[in-house]
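Student: So the chains spell out like this:
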Amino acid sequence: MSLFEKIFNYQIVSRLDESGAFATTSQERIWLQSMLSDPAATEAFIPSTLDKLRLMLADDDPLEIDGSLREKAGIPASPVYHPLLRILRSILRSRSGICMSYRMRNGRVHERMSGFPYKLEFSMVKKEWSLLWYNRRHRTLMSTKLSSIVTITEEEIPPEETEKFTQRILGILESRKEQGIIVIIPMYNVELSRILYAFSCFEKEVEYVQAADSYRITLTFQTDESEYVLSKIRFLGKRVKVVQGSRLISRMKETTARALARYEED
Amino acid sequence: MARESFDKEIQFLRMLTLTSGAYNRQQFADRLGISVHTFDKTIRRLKEIVQSVQQQLPAEQGHDFNEMLRLNYYESADPLLLFLFRAKSLKETESVRLALLLTALQSQPLTTMELLDACCEGLPAYSALPDEKTIRSDLKYLVEVGVVRKEPGGRPYRYAVRNDLVTELTDEELLDLYDFVDVMANTQLPSVQGYLLRDHLKKAMRRQAGAQEIAEPFLYKYHYYSRILDEAHVHPLLHAIRQRRCVTFLYFSAAKQSIYGSQNTNPLFEKETEGREHTILPLQVIYDHQYGRWYVLGHAGGKGIMKFRMEGMTQLAEGEPVSEKRFADLLAVLEERTRYSWLVDTGRAVKVRVRFFNPEGAKRNFIRERVLLQGQWGTITEEESESFIYEITVNGITEIKPWLRSFGSSCEVLEPKRLRQEFKQEWKELQAYYEPIRENI
Chain A
88 MSLFEKIFNY QIVSRLDESG AFATTSQERI WLQSMLSDPA ATEAFIPSTL
138 DKLRLMLADD DPLEIDGSLR EKAGIPASPV YHPLLRILRS ILRSRSGICM
188 SYRMRNGRVH ERMSGFPYKL EFSMVKKEWS LLWYNRRHRT LMSTKLSSIV
238 TITEEEIPPE ETEKFTQRIL GILESRKEQG IIVIIPMYNV ELSRILYAFS
288 CFEKEVEYVQ AADSYRITLT FQTDESEYVL SKIRFLGKRV KVVQGSRLIS
338 RMKETTARAL ARYEED
Chain B
3 MARESFDKEI QFLRMLTLTS GAYNRQQFAD RLGISVHTFD KTIRRLKEIV
53 QSVQQQLPAE QGHDFNEMLR LNYYESADPL LLFLFRAKSL KETESVRLAL
103 LLTALQSQPL TTMELLDACC EGLPAYSALP DEKTIRSDLK YLVEVGVVRK
153 EPGGRPYRYA VRNDLVTELT DEELLDLYDF VDVMANTQLP SVQGYLLRDH
203 LKKAMRRQAG AQEIAEPFLY KYHYYSRILD EAHVHPLLHA IRQRRCVTFL
253 YFSAAKQSIY GSQNTNPLFE KETEGREHTI LPLQVIYDHQ YGRWYVLGHA
303 GGKGIMKFRM EGMTQLAEGE PVSEKRFADL LAVLEERTRY SWLVDTGRAV
353 KVRVRFFNPE GAKRNFIRER VLLQGQWGTI TEEESESFIY EITVNGITEI
403 KPWLRSFGSS CEVLEPKRLR QEFKQEWKEL QAYYEPIREN I
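Protein sequence lines correspond, in order, to chains A and B.
Note that the working numbering numbers the first sequence so that position 56 is 143, with each residue one more than the last.
Note that the working numbering numbers the second sequence so that position 142 is 144, with each residue one more than the last.
It cannot be assumed that every hint is accurate.
Stated by the list, open to error - Lysine-lysine pairs mimicking BS3-like chemistry, simulated, CA-CA at most 27 Å apart: (1) Lys-340(A) x Lys-204(B); (2) Lys-152(B) x Lys-135(B); (3) Lys-430(B) x Lys-159(A); (4) Lys-93(A) x Lys-142(B); (5) Lys-223(B) x Lys-365(B).
Treat the hints as calculated values from the structure; they're not laboratory data.
No experiment lies behind these values; they were computed from the predicted model shown.
With the hints as extra help, turn the sequences into a complete structure.
Tutor: Here it is as structure tokens:
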């Protein structure tokens, strides 16, 4: 199976697009066929669609799963679909509002909050879905785990409101942006690729300072993600040092002092 | 296009996305081991591809190429690196012909002669017309990749295009399919075929929706997109494993400055590459969720089990097969040696014992949750109100170290003693990183 088949060529693809033609290769169907055996498929489709798809793909053999591909240091297989996804994405696509009751961490339930949904976000680390939405009463951007949602209904919103909320959300996201500059200690330049791979899930800019033979990585992230950023920085240990971003720096100081205290008795 | 060119483009794109414009042209070319001229040529080519694949992008038109490849979490739902797999060069005439054939087949099955006619009609007046033989070989190719199927029944054979995923599904069903493909491609391995399918479905949906903009509802937090590039090697390796065949490749270790070696056909320009040629019997492909990297583990005659990062591999070629028995024996050795590997380490088995401290004053014990979620086969052995003990036996301690360190002061290493000493020393050095620099008075 070559991912470089000429049928995937960009010129063919753009020509087919112009003429409105559609075709799938057996590679794509085989992939889909294997994915349909995942429990997620039963959440993603109504039974009749699933049957239809399975029938359509019956001629293609599924990918051979023989254990030669392994995943390590991840989270054990966990469901990647949530029953609410189908309901929510149609609300999102029609740009409607929502009326929602959801449980908070302390167990209390917020009743019938009215809001505007923005995106469905899946965390690759925690393997869970959250709804990003704008709370109309509190005028804030919220992130609520789908598993905490008790009830949710669609609510109509006039188009001009939709636009207003979208702009407000973008404004909030922008205002929550934080930056930090991390330098790679030149001694560890040989590990450049490993370090950049570890940071490749963030929005970033890399600068190479030739005079110092060192790399400066400017990370941009949301304020509430800073704990995750810090865990990545600690993960890399002596290879990197935070040189800008007062919060990251003070948290690193605090961590090193407290961690050292754990080993004091030695 | 030669295989070599893909290797170059993979390395090129990887470096471009990872370093996101850190180098100037000369530095970039040096690191990659190519000339500035080749650098310019490659950039031009990639830009051309991006433009024709991403025509529909409205706002981002003005963006610089580097800018386009940069991860912009809230804006880009499309994995841009996918276009690597679209980069295969094709003769203009061939791409026109294949597209015409598939377009003609959209509404009904046709015979070779009917297709020849449709193709001739569709071609511009000035171009040379294809003959029957060419159409036959095109059809043979399309059947081979499964885009077209030969209809049952006698001669003359009719060919039908495999577009039922779009024609047989209702709009609502198509939407469900698109979302499913989107979620699975972004969360499961392998993903490239899923992304290709997602691309196709998206175009079909866009046509159905007309001018209406399709909102992308999904975001994937902390996704390692660069893994897409390495999938180029994953499938050939899995194929070799299934066939029990050896592979050879030129390997560039991360410690080397240059990450690519061009194959020069002219002996005058031949130079020593920094890469090393290896021949191994691949046994297992491993994806590391911690860094988002792919590895291949295999057996090299005389050297035993070896591990390679896929990003360092170029010029991969399949070689001789081995017997089923030999493969099984070597696989058993590998399984034994990696039974306790945090990732791919085949070092000696060591018992690691650490104390994790529960967060103070927090409503949720997120430390414990994280340990249970990410701690692989390790177990919690003792629990107290402020802390708990976690134990795990691993092959070598290097691979688990970053994970333990990422917990900061919430983790104290108890055993082995050597690891405890290392942690103490590292935290000391890290503390020095953040101490104010005293001015000389």
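Student: Output the indices of the hints that this structure fails to meet, ascending.
Tutor: 1 and 3
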